[in-house]
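Number of protein chains: 2
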Amino acid sequence: MLNQKETPIILAEQVQTSLSNLAPLTRKVFLSLNPPSSLDNRADVDQVRHMLERSFGSVSVPREIMPKVPGTCRSADWQVTATLADIGCGWKLIDLEPGDTSREQFGLAIDIGTTTVVVYLVDLCSGEVLRHAADYNDQIMMGEDILNRIRYAAEPNGLAQLQKAVLNTLNRLIKVLCPLPMETSKITAAAIGANTTMIHLLLGLDPASICRAPYTPMINNPGLIPAREIGIDIHSLAPVYCLPSIGSYLGGDVIGGILVSGMHKQPAISLFVDIGTNGEIVLGNEDWLVACAGAAGPALEGGVTTFGMRAEPGAVDHVSIDPKTGWVEYSTIDNLPAKGICGSGLVDTLAGLFLGGFINRSARFQNGQNEFVIVPAHEAAEGEDIVISQVDINNFMATKGAVNAATDLLMENVGCPWQEISHFYAAGAFGQYLPIESAVTIGLYPDLPRSAILRLGNSSGEAARQVLLSRTKRLEAEAIAEKVTYFELNANAAFMDKFVGSKFLPHTDLERYPSVNQRLQNHF
Amino acid sequence: MLNQKETPIILAEQVQTSLSNLAPLTRKVFLSLNPPSSLDNRADVDQVRHMLERSFGSVSVPREIMPKVPGTCRSADWQVTATLADIGCGWKLIDLEPGDTSREQFGLAIDIGTTTVVVYLVDLCSGEVLRHAADYNDQIMMGEDILNRIRYAAEPNGLAQLQKAVLNTLNRLIKVLCPLPMETSKITAAAIGANTTMIHLLLGLDPASICRAPYTPMINNPGLIPAREIGIDIHSLAPVYCLPSIGSYLGGDVIGGILVSGMHKQPAISLFVDIGTNGEIVLGNEDWLVACAGAAGPALEGGVTTFGMRAEPGAVDHVSIDPKTGWVEYSTIDNLPAKGICGSGLVDTLAGLFLGGFINRSARFQNGQNEFVIVPAHEAAEGEDIVISQVDINNFMATKGAVNAATDLLMENVGCPWQEISHFYAAGAFGQYLPIESAVTIGLYPDLPRSAILRLGNSSGEAARQVLLSRTKRLEAEAIAEKVTYFELNANAAFMDKFVGSKFLPHTDLERYPSVNQRLQNHF
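Protein sequences appear in the order of chains X and A.
Sequential numbering from 1 applies to the first sequence in this note's numbering.
Sequential numbering from 1 applies to the second sequence in this note's numbering.
Quick caveat, the hints were computed from the structure, so don't treat them as lab data.
Predicted, not measured: the structure shown is a model, and the values here were computed from it.
Some hints here could point you the wrong way.
Repeated chains share a single entry, so a pair holds when one copy, or any two copies, can fit it.
[Unchecked claim] Keeping only pairs whose Cα atoms sit at most 20 angstroms apart, straight-line, the calculated SDA-like set for lysine to any residue is: (1) LYS324 to GLY368; (2) LYS186 to LYS498; (3) LYS68 to ARG212; (4) LYS265 to TYR136; (5) LYS68 to PRO226.
Please take these sequences and the hints and turn them into a complete structure.
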């Protein structure tokens, strides 16, 4: 299991997440029935169905539920609770329990990342997250990134192994959240945010076409699938909804991010960026949405440094460097002796080095230095200096340059000048932990008024929670998927030009970073 | 397998059975898709679904069909045929085939009787019956009538054995109709007419409550169930529709009979009678429908005579008796030496004996006789006289008396004088094979103008065909089920009085049989 740092509870900073009218994927209804008599000797199943149809319209009863009905009704003196699952065009009775259990309704909001899987246990009555658990995706053993997974899926039995791996991860996390089998069967719905490849592998669908022109996945919008047909260990008939994808490289996780941001409902133009194992950028407003994604190569997936590590105990997570003396102050997660540097520590370090003039606008060390000590050997867990080298900085600049290049290209192509960006939404770990000032200083975030920089946390998981709880949000997600225009980055020659020319701090065009420019002038 | 005599092709005598607008349970649609390109790189499954949704509204795609889509589309140059199944509130894609196979659509109309099962292979494009096959219900070994089957179901593993028996019967017949497995998977829909107990046993549902007050079945209207969930060997996702029942003793077979007769749409009052292993009587018109059923005891299920046999080769099926000489002319099925007498032969015999004065109005032999030779020993297959005895006649009169008593009681209770009956519908074998004149003579059929006596043949099977082919007919069947009032015969003390007083030929009230009265007067 990952620790708390790795498992953000769903809470989008500055973003309204409360749902006024809950309309979850499954509903529980308490029924007070009449015992059959010679005056009303309708069949038990029909009586239950008729009563439900009064409020829900078309309700079907699967054969396997039928035998349960008479016994449950009779044992509970005809006071029973029905569980209804949304099947898109109507409802299906998936359970009948004795007594009134209508307050006990649970669902799962699931974020399946290429690297990390997070499962949130949601109270379907209140909409609140009760517990959550996270772990690495077991598929990592079969390839670190999406392309390697797709390659693995083409091996004999590879697809089945990949599906099994992610199901093992999911079902292990579900067991952590609900240790008793009786409890897991009370989970009657699930919604999933994930990229297109993750959805294909979860459903056991061949992802080969995702990385072959014309990059057409097998499915974008899988609709509602019973949990049993996938292999998720919750109520066997629980409907599972996957956030729809737009294409091979813009998955339900991105649609979810847009949904959570609300940028698709605002007249002003916003920029949405999620940099995880893959990177996605979306630009637009209520009228249009354009998106691009970087799936190939290390440019958007890199950021690997010699002492880089995940945000686990012992990681240096905050760094400040005295611009005059070069003196370093740092903190580590759980205050343990430092083992390495995680993403937020790295961004702080780069910002400090840049503001102190230790590296120049091209991110090159000045004064003949080629590394910088962040934690001296005697303070480090391994008794060795923890440093950042020129190579580390170059790797990071490739990632940052790719984000800048892709953003600029997208904006140029739709003819949107950077002054028109009203909000910046940062999603995922990229949006959850990075220190805002440092991220702006090195040009990872745009230099907007800080109130216009909104961090969405795990927007894929939060979007899953929203669609789990709201039919309106499901329709909204599907409308977003219909609306987004995909901008092909890989096929674009201009991207490489931009990329090469964008490795500057904070940005090639310093005018776009007035607050950083101001601070630089204050320092010198 | 039963021979032709036992397996009436669906053809309701004098009843219009053509369906103007076919709307079968499954539809096939030929799709000419666009290969994906960089301009339209929607996922394959989504492209298929979008195209279908233009004409059909909500269409869902089950997980198991998804992997089939890309390969089928690509192998067939994007010219494919989709099979859609009605799921009540929308449609489900259950198959995708290469090329245009939209003219190859097959379904089954099934009549599951307590004794006999008939399966009709129906062309879903034309609505026509292509072939049919019939056999005894394998459940007979576990009890001859409904009550014994229900008792057997209560034994350990009894229910499972009964379900397996009827499934074996069905699947054997399906194999006869479609010997190749490839062909059976092309059968994409089925509709079933059967009594309430037969439906419970087919679906593996405990029928115990059917014969326990307040006689509430587990289910009246099972809706649409995928064939696989029942165990019928056709396309695994083929929707199976069971004609709804009204209660424990008025099953989908009777609803089907009403549907086929059309009595529920006529302003004039009709009488519907089906005497098989059970007996059901329905009275009514477009405004009201009242029905009763006799499930208990031999009264309506009897008619067993010493030389009684089913209508198989060698059965005496037609008899005429010279009223003056008592000379007998008879025919046998397939002109084989006589083995016994089937129902139609028995009715002819009784009518002849009555008209010739060999038996009186109380159905007692006159002149000290106590049996009558129909086939002399030297003509009979077994070298023994084939006779009808006083005991045989008494048994038959019990059945006839019960039908008359039940009918009269029903009419009295709704205040309908017999003069108001405009049409008489005779269903099942009772309606298919009995010689009309003889049936009227002995009072089994009412003495109406012969054009008002309509024989529906296997109306349960015909109704199954109609609901297989027409959504309107399905709704009509469900509306009939809502409308019929069940009249409890067993709980009615007046029934026994009527029954005892009704064992007269043709009827207690001779005025109701003017044409018979006329013939009697002509003879004497």
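We went through each hint and held it up to the structure:
| no. | hint | in the structure |
| --- | --- | --- |
| 1 | LYS324 to GLY368 | within (17 angstroms within a copy, 137 angstroms between copies) |
| 2 | LYS186 to LYS498 | neither (52 angstroms within a copy, 57 angstroms between copies) |
| 3 | LYS68 to ARG212 | between (48 angstroms within a copy, 18 angstroms between copies) |
| 4 | LYS265 to TYR136 | neither (34 angstroms within a copy, 66 angstroms between copies) |
| 5 | LYS68 to PRO226 | both (19 angstroms within a copy, 19 angstroms between copies) |
In summary, the numbered hints that this structure violates are 2 and 4.
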